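Asks: Listed below are the residues making up each chain.
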Amino acid sequence: DAMVIQNPRYQVTQFGKPVTLSCSQTLNHNVMYWYQQKSSQAPKLLFHYYDKDFNNEADTPDNFQSRRPNTSFCFLDIRSPGLGDAAMYLCATSRDSRETQYFGPGTRLLVL
Amino acid sequence: DQQVKQNSPSLSVQEGRISILNCDYTNSMFDYFLWYKKYPAEGPTFLISISSIKDKNEDGRFTVFLNKSAKHLSLHIVPSQPGDSAVYFCAATRNRDDKIIFGKGTRLHILP
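Chains as they are written, first to last, in my numbering: chain A, 1 to 112; chain B, 1 to 112.
Just so you know, the hints here were simulated from the structure itself, not pulled from any lab data. Among the clues, some could well be false.
Said to hold, decoys possible - Just the calculated beta-carbon pair ranges, DEER-fashion:
(1) 61/A / 1/B: 15 to 25 Å
(2) 57/B / 9/A: 30 to 40 Å
(3) 81/B / 112/A: 34 to 44 Å
What the hints assert, rightly or not - In silico DSBU-like links for lysine-lysine, alpha-carbon gap of 30 Å or less:
(4) 104/B / 71/B
(5) 44/A / 99/B
(6) 71/B / 38/A
(7) 68/B / 44/A
(8) 104/B / 44/A
(9) 56/B / 5/B
(10) 99/B / 54/B
(11) 5/B / 54/B
(12) 52/A / 17/A
(13) 68/B / 56/B
(14) 71/B / 44/A
(15) 17/A / 44/A
(16) 38/A / 99/B
(17) 99/B / 71/B
(18) 38/A / 5/B
(19) 99/B / 52/A
(20) 38/A / 104/B
(21) 71/B / 54/B
(22) 68/B / 104/B
(23) 56/B / 44/A
(24) 5/B / 71/B
(25) 54/B / 44/A
(26) 5/B / 99/B
(27) 54/B / 68/B
(28) 104/B / 56/B
(29) 71/B / 56/B
(30) 44/A / 5/B
(31) 99/B / 56/B
Computed from a prediction, not measured in an experiment: that's the story for all the values here. We put the beta carbon where it would ideally sit given N, CA and C, even for glycine.
One chain only, chain B, in its complex shape (with noise of 0.2 Å):
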């Protein structure tokens, strides 16, 4: 039973647009979201967090909002860069101590 769902395994955007990603989750306990960023043979590198207690956390071309009453978030990267080309990961945690639980990832594809 998956309580992390990325039900989009890929996406395509052109350079310059916005990409949102997207992310549903079904554990209400869940207290803190993060989305991870991973390059082909590389491991996933921390990208981005937000806290139950916000809407939103922005750093950069990178921005998560979180609907807690939907039980989703999004990642929006504006704008788009090709070095963006990657999977992303979205993840939620109990507490911050307790294990992180990943989603499948949406794979990303930035067009020239």
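Chain A on its own, in the form it takes in the complex (with noise of 0.2 Å):
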């Protein structure tokens, strides 16, 4: 059974146009992450929620925003994006910072 879903798992939008890429889970975690991965590239962490406070990294775009409405459900919004965010984006969960984390299948993105 998925424990970390992704939706959709891909997407295409054009330049500008606003986003939202959606992960939830059933695993009851207290951390969702969000990770950029470029190709041939190292996911990058974006931010992440512990519980409901958000830690933003300080190299994070500020097109990049995120929204966690509730424990199972998390959003990352690019409001304008730009070709170079195309990437895959991988959410993943852990119960505390200083566990395991579990990764989503990702949400490839493209931008036309």
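If you follow the hints, you should be able to join the two separate chains into one complex; please do so.
Replies: Here it is, written out as structure tokens:
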């Protein structure tokens, strides 16, 4: 059974058109993470939520926002996607910040 | 500036032989190291970890070795099996509650 679910798996958007990626989890974990992984690069942490507390990485562009309306769901909003934002976006969860992270399958974003 | 480096983008190993995946890090503050495995169209899954107080951790066919003085760790898989064909990410963190820094990954091909 899927534990970390990401929708959609593939997303095509136009340059400058806002897009929202979705992540849900059935693990009841406290922490949810969003990573960006560009081709042949390492996954890079954008931000994470510890419960309702939002933690933004210093180098995450303002173009990227996140929402966590409840324990199960977390959204990644890209307000004005640029061509450089085309990447795989990975959601992960962990019970606590010191615990193993469980990843979803990712959403591949293409910007036209 | 990459803090976790996997210098081999790919590696091919004969089935039944030993696979050795290498990883170097630059930040001497890292004290916890992880390996994740990723199949196509799936998210990374946790494989094995090691704390800096140890130099070896073994789990079945998988063994991770840590050489702190050289800032180097390696993952040994023996014997290698076809199902081991995947991308392997080395990762490191400080105090386990700091963010995880990933390497770019090494694609392992197990040859029949």
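Asks: Would you mind marking each hint as holding or not holding in the structure?
Replies: How the hints compare with the structure:
no., hint, verdict
1, 61/A / 1/B: 15 to 25 Å, "holds, 19 Å"
2, 57/B / 9/A: 30 to 40 Å, "holds, 34 Å"
3, 81/B / 112/A: 34 to 44 Å, "holds, 41 Å"
4, 104/B / 71/B, "holds, 17 Å"
5, 44/A / 99/B, "holds, 10 Å"
6, 71/B / 38/A, "holds, 26 Å"
7, 68/B / 44/A, "holds, 24 Å"
8, 104/B / 44/A, "holds, 10 Å"
9, 56/B / 5/B, "holds, 20 Å"
10, 99/B / 54/B, "holds, 21 Å"
11, 5/B / 54/B, "holds, 21 Å"
12, 52/A / 17/A, "holds, 27 Å"
13, 68/B / 56/B, "holds, 11 Å"
14, 71/B / 44/A, "holds, 21 Å"
15, 17/A / 44/A, "holds, 23 Å"
16, 38/A / 99/B, "holds, 18 Å"
17, 99/B / 71/B, "holds, 19 Å"
18, 38/A / 5/B, "holds, 16 Å"
19, 99/B / 52/A, "holds, 18 Å"
20, 38/A / 104/B, "holds, 10 Å"
21, 71/B / 54/B, "holds, 13 Å"
22, 68/B / 104/B, "holds, 21 Å"
23, 56/B / 44/A, "holds, 27 Å"
24, 5/B / 71/B, "holds, 11 Å"
25, 54/B / 44/A, "holds, 27 Å"
26, 5/B / 99/B, "holds, 16 Å"
27, 54/B / 68/B, "holds, 9 Å"
28, 104/B / 56/B, "holds, 23 Å"
29, 71/B / 56/B, "holds, 14 Å"
30, 44/A / 5/B, "holds, 14 Å"
31, 99/B / 56/B, "holds, 23 Å"
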